[in-house]
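Q: Listed below, chain by chain, are the residues.
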Amino acid sequence: MIVLMALAGTMFAAAPFLIDAAPQEATMGLVYKIYFFHMPSAWMFLTAAVVAGVASFRLLFLKRPRADHWVMAAAELAVLFGACTLVTGPLWARKSWGVWWVWDARLTSSLMLFMIFVAYVLLRKYGGAGSDKLGAGLALFGMANVPFIYVSVNYWRTFHPPTSVVPKLPIEMGIPLWFCVAAFTLLFIILLRLRARLEHQRDRVEMLYLAEDEA
Amino acid sequence: MNAFARIVWFIVKKDLTVEVRSLEILSTTMFFAVTVVLMFSFGLVVDGRPLNDVAAAILWVAIAFSGTLALGRTFERERHNDTLRALLLAPADRPALYVGKLLGILLLMGLVELVLVPLIGLLFNAPVIEQGVPLALLVAAGTLGFAAVGTLFAAMLVRARSRDVLLPIMLYPMTVPVMIAGVRGTAALFQPTPDAAVAQFWLSLLAAFDVVFVILALWTFEPVMTD
Numbered sequence: 011m012i013v014l015m016a017l018a019g020t021m022f023a024a025a026p027f028l029i030d031a032a033p034q035e036a037t038m039g040l041v042y043k044i045y046f047f048h049m050p051s052a053w054m055f056l057t058a059a060v061v062a063g064v065a066s067f068r069l070l071f072l073k074r075p076r077a078d079h080w081v082m083a084a085a086e087l088a089v090l091f092g093a094c095t096l097v098t099g100p101l102w103a104r105k106s107w108g109v110w111w112v113w114d115a116r117l118t119s120s121l122m123l124f125m126i127f128v129a130y131v132l133l134r135k136y137g138g139a140g141s142d143k144l145g146a147g148l149a150l151f152g153m154a155n156v157p158f159i160y161v162s163v164n165y166w167r168t169f170h171p172p173t174s175v176v177p178k179l180p181i182e183m184g185i186p187l188w189f190c191v192a193a194f195t196l197l198f199i200i201l202l203r204l205r206a207r208l209e210h211q212r213d214r215v216e217m218l219y220l221a222e223d224e225a
Numbered sequence: 009m010n011a012f013a014r015i016v017w018f019i020v021k022k023d024l025t026v027e028v029r030s031l032e033i034l035s036t037t038m039f040f041a042v043t044v045v046l047m048f049s050f051g052l053v054v055d056g057r058p059l060n061d062v063a064a065a066i067l068w069v070a071i072a073f074s075g076t077l078a079l080g081r082t083f084e085r086e087r088h089n090d091t092l093r094a095l096l097l098a099p100a101d102r103p104a105l106y107v108g109k110l111l112g113i114l115l116l117m118g119l120v121e122l123v124l125v126p127l128i129g130l131l132f133n134a135p136v137i138e139q140g141v142p143l144a145l146l147v148a149a150g151t152l153g154f155a156a157v158g159t160l161f162a163a164m165l166v167r168a169r170s171r172d173v174l175l176p177i178m179l180y181p182m183t184v185p186v187m188i189a190g191v192r193g194t195a196a197l198f199q200p201t202p203d204a205a206v207a208q209f210w211l212s213l214l215a216a217f218d219v220v221f222v223i224l225a226l227w228t229f230e231p232v233m234t235d
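Going line by line, the protein sequences match chains A and B.
Here the first sequence is numbered in my numbering, starting from 11 and rising by one per residue.
Here the second sequence is numbered in my numbering, starting from 9 and rising by one per residue.
It is possible that part of the hints are untrue.
What the hints assert, rightly or not - Simulated pairs of lysine to aspartate or glutamate, EDC-like, Cα-Cα distance not exceeding 16 Å: (1) 143/A <-> 230/B; (2) 73/A <-> 230/B; (3) 22/B <-> 61/B; (4) 21/B <-> 61/B; (5) 22/B <-> 90/B; (6) 22/B <-> 32/B; (7) 143/A <-> 223/A; (8) 135/A <-> 223/A; (9) 135/A <-> 172/B.
No lab work stands behind these hints, which were simulated from the structure alone.
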């Protein structure tokens, strides 16, 4: 774990230099470099959502109580990386499209997925006893909902031209991008494990208290 | 009649009996829906003329808001007398309980919509009678999708703290497809020359949503309602 953390720290320290070395993009200049953090955050956001969905399934249908800790950790990371995505996205869009926000399918579905995980975190914080299963139900429904949101928003806006085409990246841009993806993946794994471990240990402390009370 | 259908029928009959004797949820929800329509009209009608597509939007927002209220009140009634526990203790299939509750909610929302849709037609000059059949299908499919998710969430939230605020927080992001499909489909029907093909597309999306979420809810109701 320590090794992983040191590695992630080094990678994030090195990332700005690599991004700086990447060539300027013709039309957007410096601003396009937000992309090097935007895309990895978005990927981790979606990974977190999938992890939360799978863990919810394990909790509800396979009756693994410890899966709840993974749902919780993944949901919080979905909120974290979702926030990173939704903050860096408009910064880029302002320069690229001239507006902060468009009601594009991808943007709107990301926002809705983010809202679902915010709802999850609120539920776990204020829902009281029994909110673990409730939350798992919410996460599972959220997962099932993503394609519907995507399709509906996509058709809602078909009347408008597509906003952007992701260009084929030249190699000098590709290397820093994949470096950042690797760094974010590492960060994601570390945070997920730490957060889940915190919940495992909290659970154990509770068990010990209960055992003490009974004795 | 098999056991499943009998349990469903018992639950619907029970909910109906309670409701008919007090009319509490129906009357308050219906009045609330009318108020929502008026509030939005004041906000969105400029110089005596509504903005484009505003009638469809107001209709669906009113359905969602009043539906949330009906869901909350229905399960509050079960919680207040601790009768949900009795229902769960009964030797009945959990999915049958869910279907019974869902039908009760659908009936309530349907009655409210019977007032809401003509009201929209009246206030916004919308062709609710000419486009009656496709509009009814859209509203029915949208209501089913909304209520299928809502019934499950409201039932799960019965034992949670701050359930009043948590229900809309959970329900609205989840029913975004219903809102988009409902509003776009209805707006297509309300155009000067109704666009049946567009309405058809949204109706099929709603139908797919209904199928997936009713099945998913039947499937999750058992584990989430078990302590």
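Q: Could you run down the list of hints and mark each one as holding or not?
A: Structure-based check of all given hints:
1. For the hint pairing residue 143/A with residue 230/B, the CA-to-CA distance comes to about 11 Å; that is within 16 Å, so the pair holds.
2. A C-alpha spacing of about 12 Å is found between residue 73/A and residue 230/B, which places the hinted pair at or below 16 Å, so the restraint holds.
3. Using a Cα cut-off of 16 Å, the hinted pair residue 22/B and residue 61/B is violated, with the two alpha carbons roughly 40 Å apart.
4. Only pairs whose Cα atoms come within 16 Å are accepted, and residue 21/B paired with residue 61/B is rejected, the gap being roughly 39 Å.
5. The suggested pairing of residue 22/B with residue 90/B holds, with an alpha-carbon distance near 15 Å, which does not exceed 16 Å.
6. Restraint check for residue 22/B and residue 32/B: satisfied, since their Cα atoms lie roughly 15 Å apart, inside the 16 Å limit.
7. In summary, the hint linking residue 143/A to residue 223/A is not supported, as the alpha carbons are separated by about 26 Å, beyond the 16 Å threshold.
8. At roughly 26 Å between alpha-carbon atoms, residue 135/A and residue 223/A are farther apart than 16 Å, so this suggested pair is violated.
9. Note on residue 135/A and residue 172/B: the hinted pairing holds, with a Cα-Cα distance of about 15 Å set against a maximum of 16 Å.
This entry does not satisfy hints 3, 4, 7 and 8, going by the numbered hints stated previously.
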